[in-house]
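> Sequences are here, hints too, so could you generate the full structure?
One letter stands for each residue in the lines below.
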Amino acid sequence: MKKVLCLALALCLLFAVLSGCKKTDNEESYFTVAIAQDLDDTLDPHLVVAAGTKEVMFNVFEGLLKPTPEGNLVPAVCSSYTVDGTKYTFTLRDGIKFHNGRPVTAEDVVYSITRCRDGGYVSAFSNISEVKGEGNTVTITLKEPMVEFAAYLTCAIIPRDYADQATAPIGTGPYKFVSRSAQENVILQAFDDYWGAKPKIRNIRLRIIENGDSLLMSLKSGAVDMASHLTSTQVKGLGDGFDIVQGNMNLVQALYLNNVRAPFDDIRVRQALSYAIDKHEIINHVFDGYGSPLGSSMYPAFSKYFLPELTDYYKTDVQKARDLLKEAGYENLSFRITVPSNYQPHMDTATVIVEQLKRAGINASIEPVEWETWVSRVYSGRDFETTVVGFDASTMTARALLERFGSANGKNFIGYKSEKYDELLKKALAEYDDAKQTEYFKAMERDLTENAANVYIQDLADLVAVRKGVSGVRFYPIYVLDLSGLEYEGK
Amino acid sequence: MRYALGKLGTFLVTMFLVSALTFVAFAVIPGDPATAKLGTEATPEQLEALRQEMGLNEPLPVRYLKWVAGFFSGDLGTSYKYNTPVGELLGPKLRVTLALSLMSFFLIVVIALPVGLFAAGVENKTVLGIGSAVNQLLMAVPPFFTGIILTWVFSLTLHLFIHGDFPSMDSNLPGALHYLFYAAVAIAIPRIAMTVRMMKSTADGEEKKDYVRTVYSKGAAKSLVMAGHILKNAVPPIVSFLAQTLAEIIAASIVVEQVFAIPGLGRFLVSSISGRDYPVVEAIVVIIAFWVVLAGTLADLINLAIDPRLRKGDKR
Amino acid sequence: MKKSASLIIGLVLLAAVLAAAAVSVFYTPYDPESFSGAKFEAPGTAHLFGTDNFGRDILSRIMKGAGTTLFVALTTVLIGAALGVLVGALTAWYGGVVDSVLMRINDAITAFPSILIALVLVSLLGAGKPGNVILALSIAFVPSFSRVMRTAFATVKNQDYITAARLMGVSTGRILFVHMLPNTLSVLLPSMTIGFNNAVLAEASLSYLGIGVAPPAASLGLMLKDAQSCLDLAPWYAIFTGGAIILTVFAVGLIGNGLREEEGGG
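Protein chains in written order, with the working numbering: chain R, 1 to 491; chain W, 1 to 316; chain B, 1 to 266.
Hints may be right or wrong, so weigh each one.
Simulated crosslink set (SDA-like; lysine to any residue; CA at most 25 Å straight-line) [stated by the list, open to error]:
1) R:K304 / R:E487
2) R:K411 / W:L56
3) R:K426 / W:T43
Keep in mind the hints are simulated off the structure, nothing from the lab.
So this is what it looks like as structure tokens:
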């Protein structure tokens with residue numbers, strides 16, 4: 001009997017060793033970046049909605065303009081442009097090509113802009129009355145002046161005569177798309193004819209690793225060279241061999257309150273929660289101090305709009321919280337916090353909130369849900385009491401963050417209703433003068449804070465680990481992963 | 001022949017049940033492919049348009065019948081998320097999971113059967129005590145935890161494989177199998193322990209039965225009794241148990257594939273359920289159903305071959 | 001009759017775990033959900049088992065968590081085994097149509113992903129409650145019991161004393177559950193200990209996939225999931241939590257062994 005056992009074990013070991021010996025070396029060398037979300041959406045840049053997909057495809061597509069890490073917009077597909085009231089004139093960049101080698105023409109630009117307008121993919125484009133292309137010039141005429149129109153021109157320019165964008169996309173960006181294998185990897189390659197600075201790293205493989213522990217192991221084992229959105233605990237466990245670069249996630253994490261449902265329709269209750277929850281303790285305790293505290297629906301990367309004085313508008317004061325609740329008649333308040341369970345930072349934040357609320361005599365419980373359930377029930381169905389999530393800006397405008405709290409906005413899932421806010425929003429959107437518009441947006445932020453629309457917590461830190469010897473990680477005010485600046489040091 | 005037809009019928013019925021249940025499940029859980037796809041930037045109009053495009057506004061039975069019709073004409077549908085035919089997506093994943101499952105099953109059988117037989121013959125209390133303690137220990141560790149430990153030892157310390165760098169099965173089959181081996185071990189360990197335990201207790205149970213005592217009292221040697229009588233009666237439950245194990249390995253692979261970042265069916269199933277990508281989920285569920293029926297059929301055949309008396313029970 | 005040693009040891013261990021769980025209702029060294037210390041404090045006099053990633057006392061959480069886990073696993077196994085015995089007995093006894101129908105349903109449940117069952121139940125009944133975890137797991141556990149029990153009943157069925165009983169006109173229910181069931185115990189009991197073991201593992205796996213017991217409540221599975229992500233920073237977290245799981249499963253395993261020895265008259 002023992003012999004059989006020994007034989008079996010020996011066989012297994014032999015098998016393990018033998019199969020381990022053979023390694024193929026004919027693979028090209030890849031720089032491997034781990035991403036937590038698969039690019040499981042259409043890859044057509046106009047139709048894509050998944051944040052994780054947009055984040056990566058930033059390297060493949062460009063608009064007439066593109067954002068810079070500093071938050072400015074610079075010409076990309078065009079080489080220069082002029083604005084004359086409602087008329088925007090773009091000169092196409094000389095010699096710019098798509099990934100399939102075909103030069104970009106004015107017709108492609110007209111096609112891309114028109115497609116987004118007619119398909120409703122970029123809502124601001126409904127303001128366009130005419131797009132015209134002539135030679136290497138494109139003119140866009142607006143129905144009404146719009147201060148932040150340029151921000152929407154980051155919309156991707158794609159070839160008009162290409163049908164496979166959804167699965168094999170073609171753009172003008174620094175990297176071209178090579179292949180996608182579901183749940184496995186996405187391969188990108190530097191585009192030789194790129195108009196700008198050519199990427200230093202030629203082959204990039206994005207590996208999909210959803211699981212945080214597996215990701216950490218993959219970094220340590222050498223399978224992965226770079227990963228973003230790490231937690232402070234993960235970073236601590238990483239050891240040497242990696243540089244940690246810190247940026248911001250650029251999202252507004254808050255305990256979002258259902259403003260139309262009792263007791264959260266009472267401003268005193270909302271303020272009591274704001275006094276009871278200590279955002280600094282959350283950041284220090286769970287995130288080891290990484291993260292920027294927030295006081296309204298705006299994060300520091302939009303420095304023009306950010307109001308630091310709102311951060312501590314409600315200074316933590318448990319007694320005040322109790323008094324406010326007593327006054328409002330909710331002394332034994334208890335409610336549920338619905339949290340998308342696959343987002344560990346939100347789960348951890350909620351865990352601390354529950355504990356902090358206990359100190360103020362409030363009994364909160366966590367309801368973990370899947371992300372899709374969250375979208376359909378909490379966000380679309382508005383069936384919730386409170387929830388911890390983060391919202392980012394889809395374009396580089398304050399409007400992207402603030403518009404959703406207008407009482408008539410379809411995305412106003414917390415049901416926020418403030419006449420003053422609606423008034424300010426209307427004025428801001430109609431304003432042509434940038435400085436004045438900025439003031440309106442700031443006033444809106446104040447309105448959200450004063451009414452304690454939500455309990456604002458923080459802009460999460462974005463901790464990126466890069467293998468030592470590689471530099472060039474760049475952070476943007478929007479949610480993108482720019483790979484084109486990476487380079488091996490000393491080469 | 002009649003048996004084969006019967007089994008085909010069995011498979012069809014099982015498949016009908018699971019596929020219909022899956023459709024119902026998707027009707028019950030919140031979210032549909034449209035909300036899953038559009039996320040937080042969607043307007044109600046966009047959602048409605050997408051639902052129309054995806055055909056989600058049709059009643060559930062209609063959608064189910066369409067799916068069934070498609071299935072029998074060889075069309076598994078198109079993934080809502082990847083815009084790619086389901087068959088094309090699943091092919092590579094199926095190979096990976098099949099290799100992983102068979103490898104763990106192989107490990108279970110090859111290790112558990114001899115150890116179990118050996119254990120059944122052991123009488124020494126001390127050896128039994130220690131063996132049983134070790135067995136308990138192995139049973140008690142969740143596969144995901146074993147996975148982490150294996151990675152620590154074999155990847156981070158001994159560098160025998162690179163965790164997170166699963167080679168493609170096409171270009172580097174030995175490498176891929178080698179990688180899968182560690183995951184297979186993580187799945188197999190608790191199940192080996194369970195099988196050994198199952199065998200030991202079944203054999204013990206048989207040993208105490210009257211007929212065995214009679215044989216003993218007639219002076220037959222212990223090993224002969226073991227081989228001849230006990231085994232024959234102990235085999236059917238063990239075969240059933242192994243068949244059940246074969247069926248359950250797939251479920252265990254869901255978690256282990258996550259831990260080892262292996263692009264297999266289990267991991268794909270989880271992400272497709274969250275993405276409400278039900279053409280993919282349906283296809284995977286049908287594959288698992290086939291697998292389960294196959295395991296059951298094998299168990300039946302083996303048991304019939306060993307103990308034809310069971311046939312009577314089946315025919316009543 | 002001599003009591004089996006493993007039964008006694010098993011009962012003592014299980015009693016210890018149960019006692020810890022019971023005591024936790026009235027007393028734990030610290031509030032298991034409050035941040036009573038610094039993050040990742042090593043085991044010491046203040047915190048006997050150290051603190052976790054939130055600075056919560058691990059000993060207190062293990063006491064509470066053991067209760068949750070025991071409750072979930074035991075209930076799951078009892079429900080699963082009861083239904084499994086019923087299905088196994090019916091299919092083996094009647095065969096034919098009953099057998100076919102029940103076994104097809106059985107196959108369907110085995111093939112049906114248990115996370116999908118869990119998701120459906122969670123969305124129907126609300127997330128994060130131990131009750132839903134139990135329900136989802138029990139349903140998923142029935143097939144393994146019924147398949148094994150069906151074979152066990154079929155084997156016993158052909159024995160002479162059963163035929164004799166049938167000829168004597170004993171009612172079917174009595175034959176199945178009074179005459180046959182005790183003779184399948186040698187299969188049922190180990191299946192139940194294995195089932196208990198599986199339930200503990202499954203509870204942990206559900207936590208791993210984020211649909212188990214909701215934090216901040218404690219369950220051993222949830223804690224082990226948290227512990228493994230900080231293995232470098234706080235190895236004691238995994239050691240004590242894993243130790244508690246192993247102790248619990250071990251105790252139940254010993255009791256299973258012991259019961260069998262008793263039943264066999266050993």
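> Flag every earlier hint the structure violates by its number, smallest first.
1
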